[in-house]
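*Asks:* These are the residues of each chain, in order.
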Amino acid sequence: MPKSDHLSDFELYVMLAVAALEGDAYGVTIATRIEDRTGRDVSIGAVYATLGRLADKDYVAFSISDPEPIRGGRARKLVALTPAGARALRQTTESLARMLEGVALLPATGSRR
Amino acid sequence: MTASSSPPRVARTLIAMVAERDDRQWVVADLDEMYAAKRERAIAFDADIWYWRQVVRSAPPLLARRMRPRRVPPSPSAEPKMTEKLSTALYYLRHAFRRLMREPAFTAAAVLTLALGIGGSVAVFALVEAVLLRPLPYPDAERLVILQHHNARAGITKEFIPIGDAVDIFARQSAFDVAGVYGMTGQLSVTSAPEPYTVFTMFATPGALSALGFRPMLGRNLQRDDAPQRGPALSVIIGYELWQERFAGDPRIVGKSLTLGETPRTIVGVAPRGFRFRVSQPVDLIVPNAIPLQAPAERASGWAHIVARVKAGRTIADAQSDLTKISRQLEAEFPRSNASTSYLVTPLRDILVGNTKKPLILLLAAVAVVLLVACVNVANLLLARSLSRRR
Numbered sequence: 117m118p119k120s121d122h123l124s125d126f127e128l129y130v131m132l133a134v135a136a137l138e139g140d141a142y143g144v145t146i147a148t149r150i151e152d153r154t155g156r157d158v159s160i161g162a163v164y165a166t167l168g169r170l171a172d173k174d175y176v177a178f179s180i181s182d183p184e185p186i187r188g189g190r191a192r193k194l195v196a197l198t199p200a201g202a203r204a205l206r207q208t209t210e211s212l213a214r215m216l217e218g219v220a221l222l223p224a225t226g227s228r229r
Numbered sequence: 002m003t004a005s006s007s008p009p010r011v012a013r014t015l016i017a018m019v020a021e022r023d024d025r026q027w028v029v030a031d032l033d034e035m036y037a038a039k040r041e042r043a044i045a046f047d048a049d050i051w052y053w054r055q056v057v058r059s060a061p062p063l064l065a066r067r068m069r070p071r072r073v074p075p076s077p078s079a080e081p082k083m084t085e086k087l088s089t090a091l092y093y094l095r096h097a098f099r100r101l102m103r104e105p106a107f108t109a110a111a112v113l114t115l116a117l118g119i120g121g122s123v124a125v126f127a128l129v130e131a132v133l134l135r136p137l138p139y140p141d142a143e144r145l146v147i148l149q150h151h152n153a154r155a156g157i158t159k160e161f162i163p164i165g166d167a168v169d170i171f172a173r174q175s176a177f178d179v180a181g182v183y184g185m186t187g188q189l190s191v192t193s194a195p196e197p198y199t200v201f202t203m204f205a206t207p208g209a210l211s212a213l214g215f216r217p218m219l220g221r222n223l224q225r226d227d228a229p230q231r232g233p234a235l236s237v238i239i240g241y242e243l244w245q246e247r248f249a250g251d252p253r254i255v256g257k258s259l260t261l262g263e264t265p266r267t268i269v270g271v272a273p274r275g276f277r278f279r280v281s282q283p284v285d286l287i288v289p290n291a292i293p294l295q296a297p298a299e300r301a302s303g304w305a306h307i308v309a310r311v312k313a314g315r316t317i318a319d320a321q322s323d324l325t326k327i328s329r330q331l332e333a334e335f336p337r338s339n340a341s342t343s344y345l346v347t348p349l350r351d352i353l354v355g356n357t358k359k360p361l362i363l364l365l366a367a368v369a370v371v372l373l374v375a376c377v378n379v380a381n382l383l384l385a386r387s388l389s390r391r392r
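Those sequence lines, one after another, are chains G and Z. Counted the way this note's numbering counts, the first sequence spans residues 117 to 229. Counted the way this note's numbering counts, the second sequence spans residues 2 to 392.
Don't read these hints as lab results, they were simulated from the structure. Any given hint might turn out to be false.
As the list claims (entries may be wrong) - Each pair of labels, with its calculated beta carbon distance range: (1) Thr148/G - Gly275/Z: 52 to 62 Å; (2) Gly189/G - Gly250/Z: 25 to 35 Å; (3) Ala220/G - Ser7/Z: 29 to 39 Å; (4) Thr154/G - Ala369/Z: 47 to 57 Å; (5) Asp174/G - Pro9/Z: 34 to 44 Å; (6) Ala37/Z - Thr154/G: 19 to 29 Å.
Stated by the list, open to error - Chain Z stretches covered by chain G per the calculated footprint, using a threshold of three residues with CB under 8 Å from any CB of chain G: (7) 10–20; (8) 28–41; (9) 62–70.
Unchecked claim - Stretches of chain G that chain Z covers, calculated by requiring three or more beta carbons in the stretch to come under 8 Å of a beta carbon on chain Z: (10) 150–161; (11) 165–176; (12) 199–206.
Keep in mind it's a predicted model, so treat the numbers as computed, not measured. We put the CB at the ideal spot given by N, CA and C, even for glycine.
Next comes chain G alone, as it looks inside the complex (with noise of 0.2 Å):
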């Protein structure tokens, strides 16, 4: 059972992402895929870990690959939303997108807290 329902950021990244990413996302697109559109700095371990405490919510959920059909080809451990994570990501967003409406972004101050 998970202890709260809330999305962290890094999370949330992670979930657009294998959403995104339909059947192809693994450790490395999803790193990459976060990478190129946020610009941070993703480390594996990080996905990772975030994957596995999304998997603990039973927001994702894993299945092995059979081998890529080409030399050196390997097996990957996929991930998909499951559909308590679809929800939650849709819960999520849905409230993201409503608390965004009317809201003139103000440019970015110094202070990060």
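Knowing the structure of chain G, use the given hints to seat chain Z on it.
*Replies:* Leaving out everything else, chain Z in the frame of chain G:
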């Protein structure tokens, strides 16, 4: 891609160690894949740096995940007290670990302080252990002594002793089981090989070898008649290392011949592995040495280094008073050569350690203080942190 384009091995092992068992293979394989892609675009060095960065930055989240509290399944019986205690201990450990991860600056400061203190202490203790504490590689080594010649008028203490005095001391002394003369040289060459090579040679009377408790691992020991009074000695014992290196450990080496300098000599035995004396270099060859049966008229016509084994039940001080008595006799009999001369009995270890003993112990004390200061500093850090929490 060539076979050499594999990621840094140490880093790869590290990441495999920190990852959870279920994820291990996938994390490593994913990193390999990304590394290979980097290698196609960047030089090896940059890719390696990237890999190391990945490993360093992956470790905290992976470790934190491994340390996460897991629900302990309810125990089926009232019995498992031990596991309960253990899981409580584990809980506190995890809690401590997570708090440390949350405050990296504090953790780094504490770890660094302790690491410096402990590292310094360990390094210096290793030195002290090697120099002062580790037993010398001879049986009953604490009974081994070196004789020193001391001239009070010149204020000189030296290890080489006029041969005449050496012969008389051997004849008169009563405190030693055995005593003998030895010498070392790195100047001689084995010329019977296709390409001559220089060896580290020890000259020793059978008494010197027996004082050291020397036993060959192959063949026989040196005997008195191996060393003739006139002419070169014709037998030789070969060191284990030389035997392995130059003779490929030939098990039938005993009886074969070897030319040292210009004299062919018969190999009569092989020294045990690692046999050495006075210097850290293993002895390559042991050549028998003879001393005159009677003290020559010209007492300083040769020089001898003396090693002796104090009799069981006699102390170094006993041996010293024996030698002092003999020194006085010799001084009375040979006033011209032996005026103001006395002989000192010094334990082998003191000779080897020389004057480094005091500095070493001082250094040890110093690093112990550094360790103490490190502990106090960490205690301070903890105190400061808990105070800042209360506020």
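*Asks:* Taking the numbered hints from earlier one at a time, note which ones the structure violates and give those numbers from smallest to largest.
*Replies:* 2, 3 and 12
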